[in-house]
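Visitor: First residue of the sequence shown? That's 1 in the UniProt record's numbering, and the numbers climb one at a time after it.
Just so you know, these hints were derived from the structure itself, not from any lab.
A couple of the hints might just be wrong.
Pairs of lysine-lysine residues, derived as DSS-like cross-links and limited to a Cα-Cα distance of at most 27 Å, are as follows [unchecked claim]:
| hint | residue 1 | residue 2 |
| --- | --- | --- |
| 1 | K30 | K146 |
| 2 | K30 | K62 |
| 3 | K146 | K62 |
| 4 | K75 | K16 |
| 5 | K75 | K146 |
| 6 | K30 | K75 |
| 7 | K69 | K16 |
| 8 | K146 | K16 |
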Amino acid sequence: MLQQYQNILVPVDGSKVTSEVLKRGIEVAKRNQTHLDILNVLEVNQFSDTYGGAVSGDVIYKLSEDVQKRLEGLKQQAIDAGVTDVDIHIRFGNPKPVIAREFPADHHNQLIMIGSTGLSAVERLMVGSVTTYVSRNAICDVLIVKPEK
């Protein structure tokens, strides 16, 4: 039986693997003639920890404005490639539960397409891989996109 996905989630983080994940997400969305959600999760805690709690609302606003612009570019890329039904989203919080459970529950995603890693080896050691967490805890199917060598 061929799985027909009606609603695909592609979480992006601006890392090098983002364009590869989006490209594959666009291909699957076109092939299935389906809805595509592009999501960026901003972890505000990482800024308050890094800068000693001195992050103002202005900094967060500017950051979310920049992410919004980047996401609009990714949406246009999907539309240009032939995806007719695409939305972009910014969420604040911990990317692990947001991507694995919260967002897919709210948006009825049936497939999460996520990059194998957006972090360096040291960062993975420190914060743990979002991809590993999502693959183990997601409420729907997960497809892990490996970057081309």
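Visitor: Does each hint fit the structure? Answer for all of them.
Guide: Do the hints match the structure? See the list:
no., hint, in the structure
1, K30 x K146, "holds, 20 Å"
2, K30 x K62, "violated, 33 Å"
3, K146 x K62, "violated, 31 Å"
4, K75 x K16, "holds, 17 Å"
5, K75 x K146, "holds, 21 Å"
6, K30 x K75, "holds, 14 Å"
7, K69 x K16, "holds, 18 Å"
8, K146 x K16, "holds, 11 Å"
Hints 2 and 3 from the earlier list are contradicted by this structure; the remaining hints agree with it.
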